[in-house]
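Asker: Based on the sequences and whatever the hints tell you, model everything.
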Amino acid sequence: MHIEVAVEGPYTVIRLAGEVDMHYSPRVRDEILKYLNGRCNVLVDLSGVDYMDSSGIATLVEGLQLARSMDLRFGLVGVHGPVRQVLELARLDHVFAIHDSVEDRLRSDRHN
Amino acid sequence: MSAPAPVPHEAAEIVIEVSDLCVSYGRHEVLHDVHLQVRRGEIMVVMGGSGSGKSTLLRALLGLQSPSRGCIRLLGQDITRLGEHAMHELRTRMGVAFQGGALFNSMTVGDNILLPLREHTRLDENTMRIMMRMKLALVGLSGCEDLMPAQLSGGMIKRAALARAIVMDPPLLFFDEPSAGLDPVASAQLDRLILKLRRALNMTIVVVTHELESAFAIADRITVLDRGRVLFTGTPDALRRSEDRRIQDLLQRRADIAPVDPEVYLDKLTGAPPDA
Ligand SMILES: Nc1ncnc2c1ncn2[C@@H]1O[C@H](COP(=O)(O)OP(=O)(O)OP(=O)(O)O)[C@@H](O)[C@H]1O
Ligand SMILES: [Mg+2]
Chain B
9 MHIEVAVEGP
19 YTVIRLAGEV
29 DMHYSPRVRD
39 EILKYLNGRC
49 NVLVDLSGVD
59 YMDSSGIATL
69 VEGLQLARSM
79 DLRFGLVGVH
89 GPVRQVLELA
99 RLDHVFAIHD
109 SVEDRLRSDR
119 HN
Chain G
107 MSAPAPVPHE
117 AAEIVIEVSD
127 LCVSYGRHEV
137 LHDVHLQVRR
147 GEIMVVMGGS
157 GSGKSTLLRA
167 LLGLQSPSRG
177 CIRLLGQDIT
187 RLGEHAMHEL
197 RTRMGVAFQG
207 GALFNSMTVG
217 DNILLPLREH
227 TRLDENTMRI
237 MMRMKLALVG
247 LSGCEDLMPA
257 QLSGGMIKRA
267 ALARAIVMDP
277 PLLFFDEPSA
287 GLDPVASAQL
297 DRLILKLRRA
307 LNMTIVVVTH
317 ELESAFAIAD
327 RITVLDRGRV
337 LFTGTPDALR
347 RSEDRRIQDL
357 LQRRADIAPV
367 DPEVYLDKLT
377 GAPPDA
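Chains B and G, in that order, are what the protein sequence lines are.
Numbered per the working numbering, the first sequence spans residues 9 to 120.
Numbered per the working numbering, the second sequence spans residues 107 to 382.
No lab work stands behind these hints: they were computed from the structure.
All C-beta atoms, glycine included, are put in the ideal place defined by N, C-alpha and C.
Careful, some of the hints might be misleading.
[Unchecked claim] Footprint (simulated), chain B over chain G, 3 or more residues, beta carbon under 8 angstroms:
id : segment
1  : 228–235
2  : 240–251
3  : 300–310
[Said to hold, decoys possible] Rough simulated footprint, nothing fancy, chain G against chain B, three-plus residues with beta-carbon under 8 angstroms:
id : segment
4  : 30–42
5  : 58–64
6  : 88–95
Answerer: And the structure:
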């Protein structure tokens with residue numbers, strides 16, 4: 009598991025790579041909560057994630073919950089393959105704002 | 107990256123391998139030379155008459171019943187040679203829902219489901235609670251977390267037990283009689299749920315069931331046990347085409363002891379010797 013953080017426009021982009029399982033999701037959680045608590049809008053880029061278990065998904069739900077309570081933006085990009093399937097299984101694919109890429113998200117923000 | 111294929115590829119790795127398995131209770135051997143191979147992502151249904159050894163096979167797979175002979179490999183590890191600690195670790199990767207359901211009656215449904223997470227992980231309480239609610243939603247029990255098991259119906263208890271079995275996202279899931287005692291609608295729902303779990307989480311699932319309809323709905327392959335021996339292993343189609351009389355009996359739900367010849371049956375009842 010690997011985490012990289014970059015700022016793109018109004019977002020802090022947290023890029024995850026590898027497998028997000030019960031062992032690593034606490035690290036992902038720390039990272040997401042850290043930026044939200046620092047009042048940053050957060051995008052989580054999952055394009056490098058080839059496996060995510062439900063602790064990872066629950067962590068994303070926590071991020072969304074906290075972002076909403078703080079009136080911050082929180083979204084996912086690069087959702088694909090097994091991660092998408094797990095989100096669909098949990099019926100969360102319509103709960104999160106999901107875009108193909110960061111550029112895609114920025115473009116869509118400009119139109120709204 | 108593509109999604110896992112719905113029907114497991116022939117080349118998927120074997121994650122459950124049982125060979126020459128014999129299991130005895132005391133001196134009474136109830137499983138004889140059982141062979142079984144299950145590949146990753148496969149749904150294997152075990153069928154057979156009452157007392158044929160289905161639950162015993164499941165208990166052996168879980169390491170709860172030591173074989174008198176033979177070998178059981180799960181996820182590449184020979185469980186008959188594993189130490190206490192390694193077996194404990196392996197069990198965290200096996201979800202189990204038993205015949206009786208078995209929730210702890212003294213705890214809420216939510217706490218029952220949280221139990222494996224609290225025992226085996228160091229996740230934050232908030233994360234665990236979201237995971238618990240996700241699994242409850244998955245089995246159609248949203249909002250039931252604060253109920254006590256005594257407040258649930260039989261079908262709801264089954265689903266809660268399933269939620270607990272999958273809360274750790276185990277790669278292996280074992281299920282004894284999931285649909286027993288459920289109405290047809292609830293039973294079909296459970297079948298769809300099992301298929302969904304396999305598709306989304308690529309779980310390997312072993313289901314023991316009496317319900318033919320359910321078996322045909324979910325199985326990639328079916329193993330039929332008959333008095334402790336494997337009578338058949340193959341696809342549902344191959345099972346339907348089988349000409350073995352015992353298989354035909356099973357498919358037509360005829361009891362093993364069903365009398366074929368009324369005269370012979372009468373003799374059995376009256377104790378009269380044949381041809382007297
Ligand atoms: N704890 C036990 N002690 C002794 N004999 C047992 C025990 N459990 C099962 N048996 C015997 O082993 C045989 C197989 O039982 P098992 O419970 O595996 O059957 P089953 O196929 O699961 O049956 P059912 O469909 O009724 O659940 C039966 O003859 C049963 O009487
Ligand atoms: Mg049984």
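Asker: Each hint: holds or not?
Answerer: Status of the hints after comparison with the structure:
1. 228–235: holds (count 6)
2. 240–251: holds (count 4)
3. 300–310: holds (count 6)
4. 30–42: holds (count 4)
5. 58–64: holds (count 4)
6. 88–95: holds (count 6)
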